[in-house]
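So you can see what is in the structure, the chains are spelled out below.
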Amino acid sequence: MASNKKYWKSVEELKKDSSIVKTLQQKEFVEEIPVDEFLGNKKTLETSSTTRRDFLKYVGFTTAAASLAACEGPVMKTIPYVVAPDEIIPGEANYYASTMADGFDFANILVKTREGRPIKIERNTLSKNNGKANARVYASVLSLYDINRLSGPVANGEETTWEDFDSKIKQQLQALSDKNIVLLTQTFASPTTEKLIKEFTEKYPNIKHVVYDTVSCSDALDAYQNKFGIRALPNYDFSKAEVIVSVGADLLGDWQGGGHDVSYAKGRVPKNGKMSHHVQFEANMTLSGANADVRVPATPSQQMKILNALTGGSTSGLPSNIAEVVAKAKSKLQKAGSKGVIITGLPDINAQMKALQYNSASIVLDTNKPRLVRKGSNAQVNQTVKDVISGNVNGLITVGVDPVYSLPNAEAFAEAYQKLDFTLAFSMKMDATASLAKYVAATPHYLESWGDTQLVKGEFSLTQPTINPLFNTRQFQDSLLKWLESDLKYYDYIKENWSSNILNGISWNQALHDGVIESSVAIETEMVPAEGEATLESTTAHGAFAFNSAEGGYELTLYTKTSLGDGQQANNPWLQEMPDPITRTSWDNYLTMSAADAEELGVKNWHTSNGALNGSYVNITMGDVVLENVPVIIQPGQAKGSVGLALGYGKIAAIQEEMQTGVNAYPLYQNFSTLQNVQIKKASGEHHFASVQMQNTMVGRSHDIIKETTLEIFNTKDVHHWNPVPEVAKGMEEVSIRSEDADLWTSFDDTVGHHFNLSIDLNACTGCGACVIACHAENNVPVVGKTEVRKFRDMHWLRIDRYYSSAKTFEQEIKDLKELPAFETYEKVEIAYQENPEVAFQPVMCQHCNHAPCETVCPVAATSHGRQGQNHMAYNRCVGTRYCANNCPYKVRRFNWFLYSENDEFDFNMNNDLGRMVLNPDVVVRSRGVMEKCSMCIQMTQKTILDAKREGRAVKDDEFKTACSAACDKGAMVFGDVNNHNSEVAKLKQDKRMYYMLEEVGTKPNVFYHVKVKNKEEV
Amino acid sequence: MKKVNYRNLFSCFSFLLLALLLTFSATTFAQGDPVAGEKLFKSNCAACHKLDKKAVGPALRGVSEKYDTEWLHEWIRDSQALIKSGDAKAKQIFEDYNKSVMTSFPQLSNEDIDNILAYTSQPKPKPKKTEATSTTATTNNDSGVTNTIILVALTMVFLLLVVLLYLVNKTLRNIAAANGVDYEGKDKGTSLCKAFVKNQFLLLVSAIVLLLVSAYLMFAYFMQVGVDQGYQPVQPIHYSHKIHAGDNKIDCNYCHSSARRSKTSGVPSLNVCMNCHKNISEVAEDTGNEQYSKEFYDAEIAKLYDAVGWDAENMQYTGETKPVKWIRIHNLPDFVYFDHSQHVTVAGIECQKCHGPVEEMEILEQFAPLTMGWCINCHKETNIKLKDNKYYEKIHKELSKKYGVEKLTAAEMGGLECGKCHY
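Residue numbers (my numbering), protein chains in the order written: chain R, 1 to 1019; chain F, 1020 to 1442.
Treat the hints as calculated values from the structure; they're not laboratory data.
Ideal Cβ positions, reconstructed from N, Cα and C, are used throughout, including at glycine.
Heads up, none of these hints are tricks.
Cross-link-like lysine-lysine pairs, in silico, DSSO-like; alpha carbons within 27 Å at most:
no.	chain 1	residue 1	chain 2	residue 2
1	R	K1004	F	K1413
2	F	K1409	R	K987
3	F	K1322	F	K1069
4	R	K198	R	K495
5	R	K438	R	K482
6	R	K943	F	K1426
7	R	K987	R	K128
8	R	K943	F	K1421
9	F	K1404	R	K956
10	R	K987	F	K1416
11	R	K438	R	K419
12	F	K1322	R	K77
13	F	K1413	R	K989
14	R	K987	F	K1413
15	F	K1341	R	K77
16	R	K943	R	K989
17	R	K438	R	K179
18	R	K956	F	K1421
19	R	K961	F	K1409
20	R	K1004	F	K1420
21	F	K1416	R	K961
22	R	K956	F	K1406
23	F	K1372	R	K943
24	R	K328	R	K240
25	R	K266	R	K961
26	R	K179	R	K195
27	R	K989	F	K1416
28	F	K1421	R	K989
29	F	K1413	R	K943
30	F	K1406	R	K943
31	F	K1072	F	K1313
32	R	K943	F	K1404
33	F	K1409	R	K956
Which stretches of chain R does chain F cover? Using the computed rule of at least three CB atoms under 8 Å from a CB of chain F, they are:
no.	region
34	73–86
35	90–104
36	746–759
37	933–939
Chain R on its own, in the form it takes in the complex (with noise of 0.2 Å):
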């Protein structure tokens, strides 16, 4: 049965007697509004020097004041173009194809602009490659109006002119002719870009180009330069395989160089009764584990030894829990032949040769197409770091990274930075290094520049600029060609690479327009020497390898989030309040660790009393290196004995201080490995998480929230029995919930035009949250900020919930919950589970119920019910009763409770100028006091029914999206119209796992679930 099985989303529900879990499901807070506090003191209020009749003057007179103010309109004006371009009709969007590479994210994308400003980032749906959006790809636009970025050339600290600047880097280059120059680099990925540096570093013969991926791939890199002949990364199509063995390989995540969560959805539905089956030994908790039907977790150091022992080796000197799991998973893959998978996110070049030599007779693996988005190798990058260090480079040219913020020694790396000849930064802020920087070069944005990259071997894509420059900035490659004394701009440089070299009878306008193309030229890429192969058991350069448990230290498993990555866009107010997907905590890294290290350490989390949670500081000690005070989260599920942290956050250097959060991790980040061995201490004081955990409990009904069954159940018995329509009583039989006896209300006639529908698939989506921000993007919904969030007022109208379930399987837990002691049922279940939980993920935003319970309580009827199905809210007559989110079962309506635009008070984007650039015009900024929600993007669905009506012509199948529909690649958010039979959602409609959320309630939502099938599948 699946309704019997338990969810929890938080520590504190395990407690048996939480009483702050009992007040949550009674109330929405747990504090009484303190009135008494004023109220109740007699002394306060004889002592007050304001009388209530005071008081009521006070009131009268401000409110006569107020709306004599509001009498007389202001006087707006309207400033037309002089000559307006061509392209540009104002109130229309245009969509320019362009690519995203900051050397962290690679992806082909649209730009949506208005009026000559980007808005918002799409996916580009022609691309076939791996680039494919995330959540930061989406919020990338807000980084361009960040009002932190260089304003123009800065030359010994003080803003000159170009031509001034680059008088002055030439007779530099002159006079160092004789001496060693770096070019350390992101990775550009771009062929066009190689050509030049190549052509520069030839007319310099001193300048040695370094590619520096701030969270390296170098392992992987290097093992598949040794077996393959080519510096690139392994391309796996997902959707091809039958078993997926990942050993500490975060494939949903940033793992080498992300993007594999598409192809792992598609083969995760399941179709004719077959899923793929997905295995995951893993220290941290990651996005991987949680879609995982099997996850084990594991100690880096044990990791070594099951990869070892998957790919032939012995399973000696593992737990037997591990073991067993392991000889499962091998004869799994053993019985899936060239379908069968082994993937290892291991920074050990061994460790990734041995994955590398299995897939290679996998059909997963397809070695035709590598993929180019890494290129950095760590040998050469530590070289550098050593020379520049002991004097042997006398000059660094840095572009788009920050070695003295990302390096793990910056500190004698900064030092002796300052002491070179010659150090020049191009950089699009004053970062740590380009404050160090001798000239710093103001580098565009994005979506400002030219570009070109070749994402996978064979598939090129353009990057155009969508905007003019809104500062005195100069691209990288322009300053090169100036320097290089050509007269080509370049984009004329690109254009005559591709014409010449890529583009292979492809017309360059067709390529600009769909922005990725396919051409079967080679083009040869730099390469550097790779690490040699060594035994994977004499492996002994990285920590974690050398562990050992006598020195009582943990092992660290460094990790990228998903909303920061390695931490360029830190200064993005929506990636910030984006919560974890695991953790559900923003504004914040933090350590995670084992409920038993922790209780072993005597760290703690607990809960305020308004439900906020707080959590014990630690020092973390690494030989030299010291982090204090690093906030402690106890992660259900992460393996004894390790510990996780976050890369990316702590930046102070250009970083308003809204957003200076977190710790710097890359101290930690020796040897650019991922895996370090550390001493952990308590230390003082509490930390304030602003984590969104607590909020919401679904009082106890989580069996009607998410529905999950197992791929044997859903193969083989009744759709009743794992999907069972919720039944009530009308006098004394059961009926439907779904039949008209049951329903009170006369329904809706919805079968008359056009009736929208969203379906969500469980199983599809993997938890990434790039619908939330695009959410974020098209919808104007405001940034709250850390304190706001801990109140729990965070204001995103999509969340995606993150519910931790107990069991391994249905029919053991059925068991477990029928077999014991009746009163340590729950006790016993949860807690032995809380070691290694399942997970799941539910996106939820308003279910646009056709019974909708907010719509009978608003008292000014803000609140209504469109006929396509949408439940309507007028912000102008909402009066802010909060009525309608009191009793939303959903909790899905948000308040307003500050005015968040143009307040100093929350000074992020929406406080600036340049910020506010980014609303979308078609939707309004809401004011303080009304209550907003999810709104199935109406503007986005009446601007395709006007398409049609304008074209004359019906809309077309699939036409309709929402922002968070289109933002999905993984198609597990599909939306449309339900009385188009042809359409997608109309199909999903009448899919047998098909269910609504808390359908006994009896809303009847436009929003509809599919049951969450694991494949539990015992060999």
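Mind docking chain F on chain R? Use the hints.
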């Protein structure tokens, strides 16, 4: 009356003089029919030439004096041939006008060209308006003066009356006092007041009436807050919709082209103005009226040139632009989504339905109240234009079955739902 007589006399005289002059000039300078010539000139030459001002080509008044007719015949039929033949005069002109090639008119007969030349040879008509405008100005002034005088006089009379009444009253009272008549007027008044106060019912009723009236007035006052019907701000350039849309019958969509495709009607960019105003640097002689003289309009066109950076002398753009900051008249609040294309293209509604008789407005004003009630009323009354729009086919079938009607109003289509306009 006298003035008017004089003016008539004067205009009669000047007309005679003009007629005389015309016949004289026509006979002396060229043979041809200037009336037919005018027609030909306007259809063929006016795109590039003006009579008295340099445009793309030179000013043409008196051109037949400068060149002989034979040469002009050749030049007009095919100027390039003339230049290639090595004619010095032709070459000179070609060089002077930046080597811009004049269109050839082989279709024009000698007679046609003579007619045109006859038209161009007419002397410049004297600006006859100056006299008229000055006179109207004085009459205007007169009426203004008389109005104030009348007003002052009336006030004086009223004041006088008040003083007189007071004096009469005083004398009468004095007389009454002297005669020993008991004066009771005042007592009566107080008793009425007292009676009113004593009559509780009357008091209550009048209080209620007073309250209701003031509530009504207050309601009316608040309801008009933010309603700017009739809003007629002074714009940085005096743009007359009457001249453009009314007199010259330019289609609204020519300038407000995005109304057909986008949510905004779009204030035209200045390059749209320059499509015509490149050649129209001044208004026609008879455009000036009593309120706005020709000079006034010409100055406004000069403002446009200044804004767009057009050097009218040399017929080229300077590149120095000063975008015009128009004052927006129709302001909808941010929380309303209004789409022009929906109404203009899909529904086929005339612009005038909401914007009023724009073609008659010298200064544009807000015609409609733009309140929600106004929108809703129209949505309730207006039928949807179903014809030839495939979008409506299915939904029309379903809805007409549901409501049992053949025609559908916007309201029946869902045009009254909150979320259709508020998001």
